[in-house]
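Starting from the known structure of chain A, arrange chains B, C and D on it as the hints suggest.
Residue numbers (the UniProt record's numbering), protein chains in the order written: chain A, 1 to 308; chain B, 1 to 308; chain C, 1 to 308; chain D, 1 to 308.
Calculated from the structure, these hints are not laboratory results. Just so you know, nobody snuck in bad clues.
Because identical chains share one entry, a pair is satisfied inside a single copy or across any pair of copies.
With a straight-line cut-off of 16 Å between C-alpha atoms, the simulated EDC-like cross-links for lysine to aspartate or glutamate are:
id	residue 1	residue 2
1	LYS292	GLU74
2	LYS243	GLU254
3	LYS22	GLU10
4	LYS272	ASP258
5	LYS70	GLU10
6	LYS272	GLU294
7	LYS243	GLU30
8	LYS272	GLU284
9	LYS168	GLU136
10	LYS272	GLU257
11	LYS22	GLU12
12	LYS35	GLU10
13	LYS272	ASP287
14	LYS35	GLU12
4 protein chains.
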Amino acid sequence: MPLTAEQQAEIESQSNLQIPTKRPVSPGLEAMLFKALPVLDHGFVRVVDYMGDDSSIVQAARVSYGAGTKKVSEDRGLIRYLMRHHHTTPFEMCEIKYHVRLPIFVARQWIRHRTASVNEYSARYSIMDREFYIPEPEVLAAQSKINNQGRGDVLSSEQAAAVINLLKQDAQQCYDNYETMLNPAEEGGYGLARELARMNLTLNSYSQWYWKINLHNLFHFLQLRIDPHAQYEIRVYAEAMLKTLQAWVPIACEAFEDYRRGAVTFSASMMKVLGRMLNGEAIEQADSGLTKREWTEMMQMLAPYQQK
Amino acid sequence: MPLTAEQQAEIESQSNLQIPTKRPVSPGLEAMLFKALPVLDHGFVRVVDYMGDDSSIVQAARVSYGAGTKKVSEDRGLIRYLMRHHHTTPFEMCEIKYHVRLPIFVARQWIRHRTASVNEYSARYSIMDREFYIPEPEVLAAQSKINNQGRGDVLSSEQAAAVINLLKQDAQQCYDNYETMLNPAEEGGYGLARELARMNLTLNSYSQWYWKINLHNLFHFLQLRIDPHAQYEIRVYAEAMLKTLQAWVPIACEAFEDYRRGAVTFSASMMKVLGRMLNGEAIEQADSGLTKREWTEMMQMLAPYQQK
Amino acid sequence: MPLTAEQQAEIESQSNLQIPTKRPVSPGLEAMLFKALPVLDHGFVRVVDYMGDDSSIVQAARVSYGAGTKKVSEDRGLIRYLMRHHHTTPFEMCEIKYHVRLPIFVARQWIRHRTASVNEYSARYSIMDREFYIPEPEVLAAQSKINNQGRGDVLSSEQAAAVINLLKQDAQQCYDNYETMLNPAEEGGYGLARELARMNLTLNSYSQWYWKINLHNLFHFLQLRIDPHAQYEIRVYAEAMLKTLQAWVPIACEAFEDYRRGAVTFSASMMKVLGRMLNGEAIEQADSGLTKREWTEMMQMLAPYQQK
Amino acid sequence: MPLTAEQQAEIESQSNLQIPTKRPVSPGLEAMLFKALPVLDHGFVRVVDYMGDDSSIVQAARVSYGAGTKKVSEDRGLIRYLMRHHHTTPFEMCEIKYHVRLPIFVARQWIRHRTASVNEYSARYSIMDREFYIPEPEVLAAQSKINNQGRGDVLSSEQAAAVINLLKQDAQQCYDNYETMLNPAEEGGYGLARELARMNLTLNSYSQWYWKINLHNLFHFLQLRIDPHAQYEIRVYAEAMLKTLQAWVPIACEAFEDYRRGAVTFSASMMKVLGRMLNGEAIEQADSGLTKREWTEMMQMLAPYQQK
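Just chain A, with the same shape it has in the complex (with noise of 0.2 Å):
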């Protein structure tokens, strides 16, 4: 369980409130406010404020003086026009805000998104959870052959164990000493300061954030850690924050999935392979103009929709 009564209450409290606003509102986003989705063993998401909702896209496209809003199908046509054309500039009208604990290591991948604005836990002002990820023996893969960035099959039980213990054992040890280098000399420790303390800590420990984002950047976020080739435990966060978006912005999710998500893009000399392949032709790869390893993932993109 990620959060302590302490936390729950404060988190309650102000769940409770309902003030009325002018501003757009929206009922999918508002029932899910301020809530935890848990997300692997210790981390969560939650989101902690938002402004907009689909209407916003559209107010903004047409420049508006009110709402801008017409029949829900012509508005649901616009943003799939927008999306499919990359008009971009409409979707950064929506605005999320999101609180989340997750581990360092992932942190340091997520924060390579430099579009955001973000208010990490300091670990020189305050001292750091007792919380480190531990993976579920079901994902802990061998490194992969062909992918060197990748992951192979899962290990075995014994196999898994093994890494666990030692994951646990040394961010335990890890953390132990940090406390230690941390304590008053009355108490053992050495009364060292949190910023050099920190530096003994495992990247898998657990730290939090407030991360705010507009759309067009948190779809671009989505897109690229949604992906199956993104590490899992990044991927996991992803697909928690998707389901806020479903929530929120329905009709722009919906458009993401068919114009990006689902997309498939064929560079120039794959339209041409996929050009005499609409004409009928059999075409092997040493005829076709492109690498083995092009080759491999054009084969690869095509294969769920070709009959078996």
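Below, chains B, C and D without anything else, positioned relative to chain A:
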């Protein structure tokens, strides 16, 4: 009057909504929401959405589970501390969205601030309004003799009238011909593409946009554009926006006034002079170690605070 | 001829320098350095500085201690892999700086790309050149009937002549009065501040700027602006810049052509249709699951690759 | 010694190149190019590329056709004027690229500056070096009593030795187990995916990256990180980079020292107190209108400049 009856009706219908939300609500800003604050002769600024308030700044600074607020005096002290020490990220947690109508030459200065989201009315897609900025006689000033990018004395009333006459006549004639280019042949026009015809408009034509920015970046914008050295025509927009901030985030605004807008920065060389002055020394430019220009600037910086 | 003799002399003197450096040098781009590539009637693009070349991309991707290059074929394969899989950060390691002269209405489109550094010629500080963009008759097109933001058929030569006449006359008259406003009283003018007088200029007046951007963001700019749907007057600038890239980073450019400019993206719904087509099914719009608009777009995407 | 012989050889071979270019060349920075400036026990900073020099700042500010430089004294005056009045865009025209080796907890602070381009050594793709930051005894300080995010007195030599011992032992054990997790079964390991095993490393493990930034943003970084309140472990990197700037853009650097690093900013309330002091009034905190904290800060700001 910058708004048509139809536009007013659109705004009214939006203003009458009152939907409950669990999010932070700013009563001061809700009262101003959607209302056009007039700026220049046909321009306006109006808030169309916002996210967060003063409490969101302290919530993010404390990375808290609930609202994160404590006693008002503590929150105020924290916000002032953050502003004073340039801990800027918590101010990024508030966001505001404006609908602005402004002359194109102002829009060109404004857009140089790259940290905002913008949707501008498209002159490729739509026909521009027949409205131009014509300055009041009292703001029509001569080129400054001492400042290459500033204004000097106000023109005489005859000069001002002549200039206003030229501005009006050229803007109207250009717009008339813009319309002629756009009109279909059967109406005596040429049916030219809108993306081409627009090039005939003058730079004082009004455009409009949705403009969304976080509070940190907005303070930076205001600090530069509310400055007496900023061009009058953008400064009046900055002043209108500052009023919306006073209603929205009064504590952060007060800190901004004290630590940014009203603050004075002395260079290392100026600090040496200041030290000597505080020690009772009488100093002339010649023995100050400052150039004449720096000396003049320093004296101007001190003048409002010294005995006459 | 866009450049004065004095400007040419300035450029010449800079072009004759030859100073040794340890940095990567691109012979192709050195040969173009400082030379103005003419664009439109009075505009130009010229490279004034650059940093890195194709080798800098592989060096960064490998985070290497030395140059990081291996065999040309391996480097090419790596660059193509990075481009194909949107590993964009290594492309940010190359930087290029242009000096551009362009009409103001083009500058207003251009500046919407926020990821560049810009220094524009200041009309608050200096007097604008007496130069305007007057389109060639063959680019003067009617408003498109099917695309709200595009062009249709070219105007007749009489219509074109009439439009050109209006554009010339209005631009010249506005500039004449701009000068009158600026001139001192003893020359029959009003001595108006430059920051005010400029508002009388038309949007086809030429401005100029220094514009600096990294290769990743430049590819993104080019992808959007070299597209047939981009306005002609900005597309010709994009085409001139692409030529400089071909001289500078030929391998990255080739990958850009294949994986971005020449690439085709199908939505999830389109992929289902494509799969059925590859399986030999004959499909009509009505049973495709696509809207008419999407169907038309898909047929246009496939047309260049299918047997007539 | 942070570099292997092989790495040194790679660097040497790059350093011996001397290719002519027409671009601005900084002799001072050429002499430092590629050389590793040691920082901390195993870290370094080395310049791997740059673009522009002091002359590029004035060239952009003047939007000139040629180099744009005039007399050295005029150029210096212009650069100082730009810095003093926060005309920041010309400083964006210079760019520099570093290769940095740094502990992960330092990298996490550093990356919060979002205006740079980064390529980090990938622990998903490669195996991390067996190197950790172990502080010197003289930088091991107790938690500050007065500053929640700072250091107080240095630990006793016994305390320091004990802390160093814990840091070494935990880092080594975690690295040993990291290797065990990575190693194949035939070598007694578990063949775990690199992207998983890395989570067992401690935060003082060294990583490395290519980091590229423009001069304006670098000055901003340095101003924050060279400050005495910045953590020592990042401050020493800032100091090493400042040395490279002094070799590269000496005039801009001098302006930075005077108008940024050595400058002092007084709030509006502090300015009132300063005015009274300049008028010869003796003031106590109680009648100053400042809080105790502000008063203390103001006295600290003035202390270096006042007679003892």
